[in-house]
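Protein sequence lines correspond, in order, to chains A and B. Position 67 of the first sequence, counted from 1, bears residue number 476 in our numbering, the numbering being contiguous throughout. Position 97 of the second sequence, counted from 1, bears residue number 307 in our numbering, the numbering being contiguous throughout.
Note that these hints are calculated values from the structure, not bench results. We put the beta carbon where it would ideally sit given N, CA and C, even for glycine. Among the hints, erroneous ones may be present.
[Said to hold, decoys possible] Some, not all, of what chain B presents toward chain A, calculated at C-beta under 10 Å:
1) Gln216
2) Tyr243
3) Gln254
4) Trp258
5) Arg265
6) Leu300
7) Ala302
8) Tyr313
9) Gly315
10) Pro316
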Amino acid sequence: AQSVTQLGSHVSVSEGALVLLRCNYSSSVPPYLFWYVQYPNQGLQLLLKYTSAATLVKGINGFEAEFKKSETSFHLTKPSAHMSDAAEYFCAVRATGANSKLTFGKGITLSVRP
Amino acid sequence: EAGVTQSPTHLIKTRGQQATLRCSPISGHTSVYWYQQALGLGLQFLLWYDEGEERNRGNFPPRFSGRQFPNYSSELNVNALELEDSALYLCASSPPVGVYEQYFGPGTRLTVT
Chain A
410 AQSVTQLGSH VSVSEGALVL LRCNYSSSVP PYLFWYVQYP NQGLQLLLKY TSAATLVKGI
470 NGFEAEFKKS ETSFHLTKPS AHMSDAAEYF CAVRATGANS KLTFGKGITL SVRP
Chain B
211 EAGVTQSPTH LIKTRGQQAT LRCSPISGHT SVYWYQQALG LGLQFLLWYD EGEERNRGNF
271 PPRFSGRQFP NYSSELNVNA LELEDSALYL CASSPPVGVY EQYFGPGTRL TVT
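Use the sequences and the hints to build the structure in full.
Here it is, written out as structure tokens:
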């Protein structure tokens, strides 16, 4: 079974600072990995995805993530935080094959200080 | 292109009643997924429908059920509502082949009193 661990529940950064949100996965086979963002009272928006192509994945709004098989990690980064980045971020894993459900981490709330 | 739509936006029910939530997928998408986002419990997979069939369900009691219609829209039914069913219910869709991600709707906020 697949699982995702997002350490910590809250990250606070200053505007313009580096954003680093950590995600570690557990999967018996190479997985598909995703980062989603959720703004208050809204659904989930896809930021980026890893589907076994390039290990460095670029997404929307300046975010990117690197798949590291040796570390079973898929950390999300953004060089310079913006106030509008304040939201909850979810890492998710989906196994290849017929079972298409997404398994989500607990989520991390990102706060951006002016 | 229209995204995933869900109705109603908010739903208030009394314990013991039934709730029906509706979802329309993106045009061309044949799979519909339901997730529950309850406070403190995170996002939990509920049900997956594809081509009108239930393909998988999460660890939820049978009073959570649903169906998918020939136009690929879906409804989620929750019978004998309990207070802990209060949550945001998210619907997602994906096309039949070649795409791995799921696209989410805005959700239905169900409150059980």
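Fill in: Hints the structure fails to honour
Per hint list: zero violations.
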